[in-house]
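My request is simple: use the sequences and hints to build the entire structure.
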Amino acid sequence: MKYGLDKYEIMMNKAIVAGLNRSEYIRQASIHCTVTERLKPKDVKAIRDLQGIAENLNRIAKFCSSILNRGSTNENLVQLFRDIYECRDFILSLIKTYRNTPDSI
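Numbers 3 to 107, taken from the working numbering, label the letters of the sequence shown in order.
Since the hints were derived computationally from the structure, they do not count as laboratory data.
In silico PhoX-like pairs for lysine-lysine, Cα to Cα no more than 20 Å straight-line: (1) K98 with K42; (2) K47 with K98; (3) K98 with K44; (4) K16 with K4.
Cβ pair distances, simulated, as ranges: (5) I62 with S25: 55 to 63 Å; (6) I97 with R24: 48 to 56 Å; (7) K16 with V46: 27 to 35 Å; (8) V80 with D45: 34 to 42 Å; (9) S67 with L7: 54 to 62 Å.
Quick caveat: nothing in here was measured; it's all calculated off a predicted structure. Heads up, the beta-carbon is just placed ideally off N, CA and C, and yes, glycines get one too.
Given below as structure tokens:
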């Protein structure tokens, strides 16, 4: 296993603190460590889509708050209803996309 000088020093310091030689430290670390995999492109897209959902829901919450603060009109309620259904349709499309089936809901 190759290390740069700075990484080698860090590894050796940890081995010394643990009371192990270099080989034993690497052996123990490889057996007992937890490896975290990188995010797949599909996961990154899902995170971005969920951020979009959060922004939409926040916008709807602010809109609801403004309706409650100034009294509601039919026009405001219709707009709120449309926004809610837009978010619902978006969420359903995400579910279909990530399940990889056209009509799994």
